[in-house]
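Residue numbers (this note's numbering), protein chains in the order written: chain A, 1 to 347; chain B, 1 to 611.
I should point out that these hints are in silico values taken from the structure, not numbers from a laboratory.
Backbone N, C-alpha and C fix where the C-beta goes; we use that ideal spot for every residue, glycine too.
Honestly, I wouldn't trust all of these hints.
Within a straight-line C-alpha distance of at most 20 Å, the following computed PhoX-like cross-link-like pairs (lysine-lysine) qualify [as the list claims (entries may be wrong)]:
| hint | chain 1 | residue 1 | chain 2 | residue 2 |
| --- | --- | --- | --- | --- |
| 1 | A | 168 | A | 156 |
| 2 | B | 431 | A | 329 |
| 3 | B | 536 | B | 557 |
| 4 | B | 532 | B | 596 |
| 5 | A | 159 | A | 145 |
| 6 | A | 15 | B | 532 |
Here are a few chain B residues that sit away from chain A, every Cβ distance over 10 Å (derived from the structure) [said to hold, decoys possible]:
| hint | residue |
| --- | --- |
| 7 | 51 |
| 8 | 52 |
| 9 | 99 |
| 10 | 127 |
| 11 | 153 |
| 12 | 279 |
| 13 | 287 |
| 14 | 459 |
| 15 | 502 |
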Amino acid sequence: MSETLNGKGLALVPKTDAKQTLKDFKSDQEVRWCPGCGDYAILAAVQSFLPELGLRRENIVFVSGIGCSSRFPYYLDTYGFHSIHGRAPAIATGLASSRPDLSVWVITGDGDALSIGGNHLIHALRRNVNLNILLFNNRIYGLTKGQYSPTSEIGKITKSTPMGSLDKPFNPISLALGAEASFVARTIDSDRKHLQSVLREATAHRGTSLVEIYQNCNIFNDNAFEQLKDPEIRDDITLRLEHGQPIASASKAVVRAANGGLDVVPLAEAGDRVLVHDAHNPDPSVAFALSRLDEPAFEHVPIGIFRQVERPAYDTLMAEQLEEAVAQKGPGDLSDLLMGGDTWRIG
Amino acid sequence: MTKQVQQLERVVIRFAGDSGDGMQLTGDRFTAGTAEFGNDLSTLPNFPAEIRAPAGTLPGVSSFQLHFADHDILTPGDAPNVLVAMNPAALKANLGDLPKGADIIANTDEFTKRNLQKVGYDANPLEDDSLREWRVHAVPLTSLTVTALEGFDLSKKDAERSKNMFALGLLSWLYHRPTEHTISFLEQKFAKKPEIAKANIAAFQAGWNYGETTESFSVSYEVKPAQLAPGVYRNISGNQALAYGLIAASVQSKLPLFLGSYPITPASDILHELSRHKRFGIRTFQAEDEIAGVGAALGAAFGGALGVTTTSGPGVALKAETIGLAVMTELPLILVDVQRAGPSTGMPTKTEQTDLLMAMFGRNGESPVPIVAPSTPSDCFDAAIEAARIAVKYRTPVYLLSDGYLANGSEPWRLPEVSDLPDISTEFAVKTDEEFHPYVRDPETLSRPWAIPGTAGLEHRIGGIEKANGSGNISYDPNNHDLMVRLRQSKIDGIDVPDLEVDDPEGDARVLVLGWGSTYGPIAAAVRRIRKSGGKVAQAHLRHLNPLPANTGEVLKSYDKVLLPEINLGQLALLLRAKFLVDIISYNRVRGLPFKAEELAGVIQDVIDSE
């Protein structure tokens, strides 16, 4: 297991001694995403990562909502529940809070998680239900054929916005931090190594881990994250977040600004002012400031784990209350319950 | 002075006051004393949705009606024999329900000029002879209470608050109710504030003593205990019985209960009650909204729990899509709808039977869901177990259609022996030599295997997209879809439901009164009246509304006339007419209130007379 702040994420999930490979996690279903879709890379990354966990396959559940990404569970040979639009966090909350022996994953997209399901997402995060939420963000509606999404940039020209979209997009990282999330990270479909390193930490985290995955929709919003993939510029734009390490790209560094926020300055000018990343900081304000650095034009984009703090998971707290009730009054007895009020006897 | 004691067979009392006056508590305590004494009883609380409407106004009036008798009774009573009016608003709001000659006990202290004006009285009705056709007992309840509590270290305002206990004491004297339980109840309720406990007890006793000494009451009344079937009884409301039924269903199915719920009137008390019983392994989840409530319950059901969601009509509207998903994924789920007056927010604290068609059809696609409806407050216990039985056996969501009248009303409940409760347990799927297919069906029930995560070798995916029968793989095949639509329908149509029983003592009635849900009490009471006066009428009550009992059509067709009273505009009548081509006579009133026995007796008599 990886070294993490709290390595208990999977402590209650039964392990297997059997050797697992990527093949064990492939279902017999034909994958039906558009050729070239970023989802293929994410699926392959997840399938090749799961054997590393050494969990019993039957104790893994993937729950999804509606959208292209939500077909994901069909392609994994674990338990899976392809549900309805936006509701995956709610369904997964019921499952995870009553079954701590399961590794429960939520697969969702920007429309599913942030439009129709926004309420469930923020409440799952604040409750800290033991879930790994993978939010595939392609900044467009794919399955309904190309309308703008709640992460599309202002002025987006789409079928439903021929003169440009009007609404300010959500920043999923900022939103998650504002919703009291205990684990928030961002990665990208094309960087399998980084994606898997984030999954490693996310699964080790007990509570809700939210992983935003920049995912390319090559049909309706191609090259949305091209700056982060173009070998010419990507190392300058990408600000790697690693706990305990200075936050910098090949040419830029993050420093504290005079106004109390953060600034990005040329690396050469930063000197010893470069901010050292503290993902475990109980105060989320620096993580929030980091989440704003990609505004407005993707000039520099933090990638990695923004926040990773320990907080009791919802299912643990729920189970503790049940145990406490039994400890205080003994296990429930139906006959005693029925006879428990003011009773009287006739005859 | 020796006071006269008069024997009565039954009494209907209504306590009415401001919503801050503690009328519900007063009614509850009087009910507890009455239950302890051994009368049969039935209660009807009636309160505004506002927690504290402006004091002294008509919208702020809260009331509690109790019917108790020396024989078995079926309703909370059509009209009060006694009205306790704590202020002019309470008098004005309730006088219309009060038959001439009934007693009015009015708190004169509150009949001030200002309070009278608030509700449009130009003159004090206690003084202007306008109430001459009733028997008015003008009692300064507030000042008597304050005087009685002079020795206590209480502000005048705190002392005044105990006036409801003074009234309870007076009524307890008037009807010879036992006092011990109320005293120990007050000691427990205010255990942390002994001064308040003592003051309330003193007010209660002062009320009793006042009755004994005042000339305002020359007669007291006795209602002998009722001869009910032997057994152990307790008084129970519909919501509490329903919660207990769900706990029993969890025990009898050996499945952990998971409740996903969002607070809504009048269903919240089920959430409250279940939250108190964690030692039964019950998980209660107060969700962020109605959708998450049912979603979490369905997720827990996927994991092998007895998933339940509780709500009222507006919540059902929000849950519809998830219920469709439960139909598609064929997982057990219990949907409790405590119906209230609609549409939209409607009248949240008032009762109605208007969600039947929503429960039947309120989803996209062909999406059949079984429906069970309890008939009395205590029947909510058995109906909950029955709903769970169907859900678990047939792997389907099941509606349990209660309503506000059942939820808040109460009656004595003869406690069942736990050993007599049905075993509703089921088997989860296990790995066999054959390849596992999640949509292979049991040939008898057509239900599919319940294969829960954690079971090796049964890894599978389910979801809202149409499945191939058997394999459960995504399928857009036209013939498969047609087959699956019919299979889902056949599964629900084939649920084992007991036959409809008809109560027709001599077997020669030509008119049948049919009902469903909470109208049982008023219909049965009306039928008694008809028979008492020599009329002939048969009665049948539907507990299963989907599927209907197999003999329903036969029963309907064996009577010349079928009368169906419903607190809606004829929803069940619509279904029965369509299915059986029977010319049902509907009787519909949608006033947010239960039917009155007298009203229904008149309707039945009219139908008989038109023969």
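Q. Hint numbers the structure violates, sorted upward?
A. Hints 2, 6, 12, 13, 14 are the ones this structure does not satisfy, whereas the remaining hints hold.
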